[in-house]
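Which chain is which? The protein sequence lines are B and Y, in order.
Here the working numbering is used: the first residue of the first sequence is 1, the next is one more, and so on.
Here the working numbering is used: the first residue of the second sequence is 1, the next is one more, and so on.
Hints in this document: simulated from the structure, not taken from any laboratory.
There are no misleading hints in this set.
Under the rule of at most 25 Å between Cα atoms (straight-line distance), these lysine to aspartate or glutamate pairs were calculated in the DMTMM-like manner: (1) Y:K311 <-> Y:D287; (2) B:K74 <-> Y:E171; (3) B:K74 <-> Y:D199; (4) B:K74 <-> Y:D200; (5) Y:K311 <-> Y:E280.
Over 10 Å on every C-beta distance to chain B, these chain Y residues come out as not near it, computed from the model: (6) R22; (7) A103; (8) P238; (9) A273.
In this text the structure is predicted, and so the values were computed from the model without any measurement.
Just so it is clear, CB atoms sit at the ideal spot from N, CA and C, and this is done for glycine as well.
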Amino acid sequence: MSDGPPPRFISPHAEGEFYWTAGADGRLHLQRCGDCRRWIHPPGPVCPYCHSRALAPEAVAGTGTVATFTINRKEWIPGFEPPYAFALVELDEDPTIRLGTNIVGCDVDAVRIGMRVEVEFEENGEFFVPLFHPIENG
Amino acid sequence: MNEPIERQAVISGAAQSEIGRRLYRTGLDLTIEASLRAIEDAGLTVDDIDGISTYPGSGGPFGGISGAELHDALRFSLNWRDGALETSGQLGAVHKAVLAVAAGLARHVLVFRTVVEGSGGAVRAGGGGGGMGGGMPPAFQYLIPYGVTSAANWIACYAQRHMHDYGTTREQLGAIAINARTNAASNPQAIYTDPMTMDDYLGIRMISDPFGLYDCDVPCDGSTVVIVSHRDYAPDAPNGAVHVNAMGTALRGRPSWDQFDDLTTMAMRDSAASMWERTELTAADVDTAQLYDGFSWLAMAWIEALGFCGKGEGGPFVEGGSRIAPDGELPLNTWGGQLSGGRLHGFGFLHEGVMQLRGTANVQVADCEVAAVGAGGGPESGCLLLTKEIR
Ligand SMILES: [Zn+2]
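Chain B extracted, bound-state conformation (with noise of 0.2 Å):
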């Protein structure tokens, strides 16, 4: 990617705020059930398993597997230009709950299904936006 973070438009909702602020302290958050402890994502105001409202962030590791990935070659938006690699990231505390993300760190070309990728934040504003890149001897 070019020089600066490219243009995200992120917006978020009302309960989704903290997934791009959060990582101010370098770890990412996922929202969590307190009653029945599994994992939401996106989140939402009701557990969608047990319909608890006890529900708030929660630290993980950040780490993970590439489930899939694109690599995208065209220009859709100016200032966020190709080639980068958007993948759809497994996560190691839940594998159900799987995050759209960037693959950075390493050429695009390198990407493979099965990578073994760790969270890093991208500063983009007020954001903190997750990105992942590969785990070494991962």
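Given the coordinates of chain B, assemble chain Y with the ligand onto it according to the supplied hints.
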């Protein structure tokens, strides 16, 4: 099985407006043209039409034309009307019209989908939208920030996983694109008609791996209209009425582009399954399949979902193109599909299914009695099983 309620309905008329890459005509203008043609095709007059159903209605991200504007433009007098995005994909507008007719709320429903994406969509290469700013639905707020604003990107992720898990190749996807292009050559309304070779397909620039430009459908302008009538009217339909044997409406997984439980299929898995639950006919009875190819891989996913081959076997099934050719075991997208015929957003497949069963298609399948029509990608999905005679 009790007779499914959809057997009360027929498609008594079908027509399209002028179709082109950039016509510089309004959506309403095109819709009126197709509507008047379809009403005449059904042997009806404007006064006979007592219902309108459209996808996706006005507003929203897919550029819908207002049913109310059509209503007023032709001064219809309606007993029932509907136009909405949250339904069983593009064909949801047909499903609802069928239900309205079966319920007696209307007798002749005009169903339309109009696109003006060729003239209006400067940033679209294929399906999906261009840049989106604030106010987007929550589900998209976790995609757009990562530079993936197009359905090309989202669906590419599923195609990639399908390749990984099943060994599907780009050449196999190419067989779908080449079949579409070959058929489009006989369709005077098609957008792309020049012959395409596998080298052409593989050599074109990539959009979002594994999709190249020729895996993406081509935006166009055009309107497609069908008239859904009660089956009592079938004997009076001058060009023949096509019967609705079964419709598939289900979405049992999450309604999401990125959170569906299986990354090697999409919502067509559910809508196809629900269709077969409503009929004694089987995939072996189908004479032609008109399956959504907004992106090449979607047609493969539909082939698998409808059971024309096993899960994961779509690649070998289409490889080389002979099975899906007009004289093959499953003639596919005989009008050229959205890949070459133009992105009529599901309704091009529906129109062709009707023409095939009438025996008036440009590329006519021999002895065509049963047609499967499937439309949609991602969480947008619905299908129809149409028959020449009531079955
Ligand atoms: Zn819970």
